[in-house]
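J.: Start from the sequences and build out the full structure, keeping to the hints where you can.
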Amino acid sequence: MNQPQKNTPKKPMTAITPTREDDFAGWYQAVIKSADLAENSPVRGSMIVKPYGWALWENMQKTFDPWLKDYGVQNTAFPLLIPVSFLAKEAQHVEGFAKECAVVTHHRLEADGKGGLIPSSKAELEEPFVVRPTSETIIGDAMSRWIQSYRDLPLQLNQWGSVMRWEMRTRLFLRTSEFFWHEGHCAFEDDAGATKDCLTILDMYEKFFRDYLAFDGYKGVKTAEERFPGADQTYAFESIMQDGKALQAATTHNLGTNFAKSCGIKYQNRDGKETFAHTTSWAFSTRTIGALIMIHGDDDGMIMPPRIAPTQVMIIPVMKDDTQTSTILDFCDSLTRQLKSKGFSVKTDNRDMRSSDKMWDAVKKGIPVRIEVGAREVEQGQVTCVRRDLGKESKKTLAVHEFVETLPQILDQIHDSLLSKSTALKTAYTQNLKTLEDVKSFYHAEGKGCVKVPVSLLQDTGLEAIKETYSLTARVMPFEDEGQTVLLAKAY
RNA sequence: CGGGGCGUAGCGCAGUCUGGUAGCGCAUCUGCUUUGGGAGCAGAGGGCCGGAGGUUCGAAUCCUCUCGCCCCGACCA
Numbered sequence: 280m281n282q283p284q285k286n287t288p289k290k291p292m293t294a295i296t297p298t299r300e301d302d303f304a305g306w307y308q309a310v311i312k313s314a315d316l317a318e319n320s321p322v323r324g325s326m327i328v329k330p331y332g333w334a335l336w337e338n339m340q341k342t343f344d345p346w347l348k349d350y351g352v353q354n355t356a357f358p359l360l361i362p363v364s365f366l367a368k369e370a371q372h373v374e375g376f377a378k379e380c381a382v383v384t385h386h387r388l389e390a391d392g393k394g395g396l397i398p399s400s401k402a403e404l405e406e407p408f409v410v411r412p413t414s415e416t417i418i419g420d421a422m423s424r425w426i427q428s429y430r431d432l433p434l435q436l437n438q439w440g441s442v443m444r445w446e447m448r449t450r451l452f453l454r455t456s457e458f459f460w461h462e463g464h465c466a467f468e469d470d471a472g473a474t475k476d477c478l479t480i481l482d483m484y485e486k487f488f489r490d491y492l493a494f495d496g497y498k499g500v501k502t503a504e505e506r507f508p509g510a511d512q513t514y515a516f517e518s519i520m521q522d523g524k525a526l527q528a529a530t531t532h533n534l535g536t537n538f539a540k541s542c543g544i545k546y547q548n549r550d551g552k553e554t555f556a557h558t559t560s561w562a563f564s565t566r567t568i569g570a571l572i573m574i575h576g577d578d579d580g581m582i583m584p585p586r587i588a589p590t591q592v593m594i595i596p597v598m599k600d601d602t603q604t605s606t607i608l609d610f611c612d613s614l615t616r617q618l619k620s621k622g623f624s625v626k627t628d629n630r631d632m633r634s635s636d637k638m639w640d641a642v643k644k645g646i647p648v649r650i651e652v653g654a655r656e657v658e659q660g661q662v663t664c665v666r667r668d669l670g671k672e673s674k675k676t677l678a679v680h681e682f683v684e685t686l687p688q689i690l691d692q693i694h695d696s697l698l699s700k701s702t703a704l705k706t707a708y709t710q711n712l713k714t715l716e717d718v719k720s721f722y723h724a725e726g727k728g729c730v731k732v733p734v735s736l737l738q739d740t741g742l743e744a745i746k747e748t749y750s751l752t753a754r755v756m757p758f759e760d761e762g763q764t765v766l767l768a769k770a771y
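If you use our numbering, the first sequence corresponds to residues 280 to 771, in order.
The hints are simulated quantities; they were obtained by calculation from the structure and are not laboratory data.
Just so you know, these numbers come straight off a predicted model, no measurement behind them.
Every residue gets a Cβ at the ideal spot worked out from N, C-alpha and C, and that includes glycine.
Hints may contain errors.
Pair ranges (Cβ atoms, derived) [as the list claims (entries may be wrong)]: (1) His386 / Ser620: 44 to 54 Å; (2) Thr706 / Gln763: 10 to 20 Å; (3) Lys552 / Lys727: 53 to 63 Å; (4) His723 / Glu446: 23 to 33 Å; (5) Gly670 / His386: 53 to 63 Å; (6) Leu669 / Ala304: 23 to 33 Å; (7) Ile327 / Met632: 17 to 27 Å.
Keeping only pairs whose Cα atoms sit at most 25 Å apart, straight-line, the calculated SDA-like set for lysine to any residue is [what the hints assert, rightly or not]: (8) Lys674 / Asp695; (9) Lys621 / Lys674; (10) Lys671 / Ser699; (11) Lys621 / Ile689; (12) Lys498 / Ser699; (13) Lys368 / Thr384; (14) Lys368 / Glu505; (15) Lys700 / Lys727; (16) Lys671 / Arg630; (17) Lys674 / Thr604; (18) Lys674 / Asn629; (19) Lys719 / Ser735; (20) Lys621 / Trp346; (21) Lys719 / Gly741; (22) Lys671 / Asp315; (23) Lys329 / Asp636; (24) Lys700 / Lys769; (25) Lys524 / Thr296; (26) Lys675 / Thr604; (27) Lys368 / Thr554; (28) Lys540 / Ser364; (29) Lys312 / Gln521; (30) Lys626 / Gln692; (31) Lys498 / Asn711; (32) Lys341 / Lys498; (33) Lys671 / Thr298; (34) Lys599 / Gly653; (35) Lys727 / Gln710; (36) Lys378 / Ser320; (37) Lys540 / Asp469; (38) Lys599 / Asp628; (39) Lys312 / Gly523.
T.: In structure tokens, the structure reads:
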């Protein structure tokens with residue numbers, strides 16, 4: 280699947296088979312495999328994030344975490360296991376998550392007499408734990424003790440970790456039983472504080488996605504139906520994939536006083552009266568890696584946005600015979616040091632492989648800039664430079680100093696180009712329609728992508744059937760239309 | 001959990017209908033020639049045919065049961 284195959288003569292050879300057009304889901308998996316981002320594990324539904332994929336996630340954390348701290352958020356670590364009784368506290372919340380919880384019921388194993396191990400019947404827990412599907416309840420419990428006075432507010436907490444939701448159908452990055460994320464949990468004096476928090480964080484997400492991950496999307500409010508279980512209001516950033524489906528890249532929730540009431544988060548207000556705090560929670564997950572793939576990737580594989588790419592520049596030595604090896608490698612080495620000292624993430628691929636294979640490897644991994652250094656370049660003090668997003672047509676030879684000086688611009692150009700492609704994708708896959716009939720005929724005619732319709736259609740009893748028929752859901756009511764429209768789409 | 005597909009060498013697959021010595025391509029290893037977008041020739045190694053039971057002289061192939069993966073739904077970040 281990750282190997283080149285003889286495509287039909289008409290199509291140019293691609294590094295990835297199947298192509299996006301042939302089979303989008305198959306293409307998606309092939310990209311992950313070819314880029315060596317992640318793989319399935321022996322644990323059903325749980326992935327192994329491989330070093331290259333994890334490096335990407337680490338870069339996301341490194342970028343985003345300081346923003347949170349700057350805003351006033353403090354990092355914490357709460358237990359992986361949550362007492363079942365905690366989860367049971369908030370009615371909506373239970374209903375939302377109970378059916379996808381992994382439960383820990385024992386604390387000891389014993390031999391089953393057949394060479395295996397089973398939970399010991401003598402070691403059953405009095406109260407089972409659930410592996411956290413999200414941490415509102417256990418953090419809420421702590422908040423109820425930590426918050427006494429309005430002086431303790433706002434309390435802004437976050438943790439980087441993983442959670443588990445027992446999903447029926449899993450797909451690498453997009454939906455796995457265990458997934459990695461950050462989860463912010465904050466408490467405020469009033470609704471104004473909580474709402475402002477949700478919107479501030481949502482803006483932060485948008486900035487992160489646009490300025491670092493180079494993708495566009497719709498910021499807005501979720502419909503009542505699509506709200507987080509236990510939230511008064513859910514905000515989201517919805518992005519559009521190359522197959523026209525929507526993907527929720529991040530959400531923020533105004534939990535109102537729902538969790539404050541169920542967890543007992545009360546404080547004495549400025550008038551000395553006991554008052555419930557207003558809490559929020561917000562998150563983005565390793566799912567955004569799936570979004571990166573489906574937004575930027577092409578038939579040659581991954582395309583990493585330069586500002587988040589684990590490796591921004593891959594230097595490929597092109598050796599003809601042994602006599603040149605050391606001078607070429609020295610040249611690469613000095614170039615690497617030069618670029619590293621300027622803060623770029625650079626690698627020289629000096630593996631003992633054919634150079635053309637190394638080039639394809641860099642292509643499939645989506646490394647933004649590829650540099651080829653052979654005898655010619657060494658002699659002339661030049662480098663040959665190729666942009667991943669534009670392919671071999673963009674191959675250019677530059678003097679070394681010129682390359683080093685312009686690299687920031689090259690990376691910015693790649694970023695800008697990816698972002699504007701993503702905006703174009705979003706626009707091309709959004710139809711502005713007025714009536715249910717329009718929606719029906721659009722999808723009936725095999726229309727691909729999302730439709731934006733007046734919010735009043737949510738009231739229309741005919742909408743359900745259409746949503747059902749075409750597997751649509753209400754994604755978000757975009758801010759750009761001031762809540763007057765709602766985006767309907769198939770979604771990941 | 002429903003409907004469909006699939007588990008055979010590291011990867012991708014054929015062989016299964018019609019039971020009879022385990023195959024192909026790529027990758028790997030060796031040698032020589034090559035090297036600027038997936039090199040050529042010659043040779044070599046590699047398998048409990050997902051697992052467990054059956055039927056049979058004989059099972060990758062037939063039967064039963066299981067486990068896992070993929071796609072489309074339902075559920076969802």
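J.: All the hints need checking, so say for each whether the structure fits it.
T.: Going down the list of hints, with the structure as the test:
{"no.": "1", "hint": "His386 / Ser620: 44 to 54 Å", "verdict": "53 Å, holds"}
{"no.": "2", "hint": "Thr706 / Gln763: 10 to 20 Å", "verdict": "18 Å, holds"}
{"no.": "3", "hint": "Lys552 / Lys727: 53 to 63 Å", "verdict": "55 Å, holds"}
{"no.": "4", "hint": "His723 / Glu446: 23 to 33 Å", "verdict": "31 Å, holds"}
{"no.": "5", "hint": "Gly670 / His386: 53 to 63 Å", "verdict": "56 Å, holds"}
{"no.": "6", "hint": "Leu669 / Ala304: 23 to 33 Å", "verdict": "27 Å, holds"}
{"no.": "7", "hint": "Ile327 / Met632: 17 to 27 Å", "verdict": "24 Å, holds"}
{"no.": "8", "hint": "Lys674 / Asp695", "verdict": "19 Å, holds"}
{"no.": "9", "hint": "Lys621 / Lys674", "verdict": "23 Å, holds"}
{"no.": "10", "hint": "Lys671 / Ser699", "verdict": "21 Å, holds"}
{"no.": "11", "hint": "Lys621 / Ile689", "verdict": "15 Å, holds"}
{"no.": "12", "hint": "Lys498 / Ser699", "verdict": "17 Å, holds"}
{"no.": "13", "hint": "Lys368 / Thr384", "verdict": "19 Å, holds"}
{"no.": "14", "hint": "Lys368 / Glu505", "verdict": "21 Å, holds"}
{"no.": "15", "hint": "Lys700 / Lys727", "verdict": "17 Å, holds"}
{"no.": "16", "hint": "Lys671 / Arg630", "verdict": "22 Å, holds"}
{"no.": "17", "hint": "Lys674 / Thr604", "verdict": "23 Å, holds"}
{"no.": "18", "hint": "Lys674 / Asn629", "verdict": "21 Å, holds"}
{"no.": "19", "hint": "Lys719 / Ser735", "verdict": "16 Å, holds"}
{"no.": "20", "hint": "Lys621 / Trp346", "verdict": "23 Å, holds"}
{"no.": "21", "hint": "Lys719 / Gly741", "verdict": "10 Å, holds"}
{"no.": "22", "hint": "Lys671 / Asp315", "verdict": "22 Å, holds"}
{"no.": "23", "hint": "Lys329 / Asp636", "verdict": "21 Å, holds"}
{"no.": "24", "hint": "Lys700 / Lys769", "verdict": "21 Å, holds"}
{"no.": "25", "hint": "Lys524 / Thr296", "verdict": "21 Å, holds"}
{"no.": "26", "hint": "Lys675 / Thr604", "verdict": "23 Å, holds"}
{"no.": "27", "hint": "Lys368 / Thr554", "verdict": "19 Å, holds"}
{"no.": "28", "hint": "Lys540 / Ser364", "verdict": "15 Å, holds"}
{"no.": "29", "hint": "Lys312 / Gln521", "verdict": "19 Å, holds"}
{"no.": "30", "hint": "Lys626 / Gln692", "verdict": "21 Å, holds"}
{"no.": "31", "hint": "Lys498 / Asn711", "verdict": "17 Å, holds"}
{"no.": "32", "hint": "Lys341 / Lys498", "verdict": "23 Å, holds"}
{"no.": "33", "hint": "Lys671 / Thr298", "verdict": "19 Å, holds"}
{"no.": "34", "hint": "Lys599 / Gly653", "verdict": "8 Å, holds"}
{"no.": "35", "hint": "Lys727 / Gln710", "verdict": "9 Å, holds"}
{"no.": "36", "hint": "Lys378 / Ser320", "verdict": "23 Å, holds"}
{"no.": "37", "hint": "Lys540 / Asp469", "verdict": "14 Å, holds"}
{"no.": "38", "hint": "Lys599 / Asp628", "verdict": "16 Å, holds"}
{"no.": "39", "hint": "Lys312 / Gly523", "verdict": "23 Å, holds"}
Consistency note: the structure conflicts with none of the earlier hints.
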